[in-house]
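Enquirer: The sequence shown begins at 2 in my numbering and counts up one residue at a time.
Don't take each hint at face value.
Cross-link-like lysine to any residue pairs, in silico, SDA-like; alpha carbons within 25 Å at most [unchecked claim]: (1) Lys-92 to Thr-33; (2) Lys-116 to Leu-17; (3) Lys-84 to Thr-28; (4) Lys-40 to Lys-84; (5) Lys-92 to Gly-39; (6) Lys-35 to Leu-78; (7) Lys-40 to Gln-29; (8) Lys-40 to Asn-86; (9) Lys-40 to Met-97; (10) Lys-40 to Phe-62; (11) Lys-116 to Lys-92; (12) Lys-40 to Tyr-85; (13) Lys-116 to Leu-64; (14) Lys-84 to Phe-24; (15) Lys-116 to Met-97; (16) Lys-35 to Leu-64.
Pair ranges (Cβ atoms, derived) [said to hold, decoys possible]: (17) Val-70 to Gly-30: 34 to 40 Å; (18) Leu-17 to Ile-90: 15 to 21 Å; (19) Ser-91 to Leu-120: 18 to 24 Å; (20) Gly-30 to Leu-120: 23 to 29 Å.
In case anyone wonders, no lab produced these hints; they're calculated from the structure.
Think of the CB as a built atom: it goes at the ideal place given N, C-alpha and C, for glycine as much as any other residue.
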Amino acid sequence: MEISFIGWIHTILGTLAILIAIFIIATQGFITVKNSLGKFYLIATAITAATALMLYKNGGFNLAHLLAVFTLIAIFLGLASEKYNILGISKYLQAMSYTGSVLFHLIPGIAEVNKRLPLDNPMGLS
2 MEISFIGWIH
12 TILGTLAILI
22 AIFIIATQGF
32 ITVKNSLGKF
42 YLIATAITAA
52 TALMLYKNGG
62 FNLAHLLAVF
72 TLIAIFLGLA
82 SEKYNILGIS
92 KYLQAMSYTG
102 SVLFHLIPGI
112 AEVNKRLPLD
122 NPMGLS
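Construct all of the structure, not just a fragment, from the sequences and the given hints.
Expert: Here you go:
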């Protein structure tokens, strides 16, 4: 399957973002925009979600596109909750939003990997 330039950007940034999110959660327990790794994760994830909305090789608007929209909403809610104290639940809203963005990011990522690997007999095509 041929990958476009936007597809490569999407794949590389998305993979880096997921790996960094796992590292952040494992070492710090939560993602925040207040440190450089968290900032990189959020920017890379937003770009990955935005580029997902430009990829239509598998037909029209589908579940992966909907998850990209959910990811962007989760990032927006997380950023808003870090900036404003919303009814005293901001730290919980932030944690749920950013962790949700990781989940929304992983679901289509795992599905795509299953469509492509192993190279000789991809799991998603059997």
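Enquirer: Please list, smallest to largest, the hint numbers that this structure does not respect.
Expert: Hints 10, 11, 15, 16, 17, 18, 19 and 20 are the ones this structure does not satisfy, whereas the remaining hints hold.
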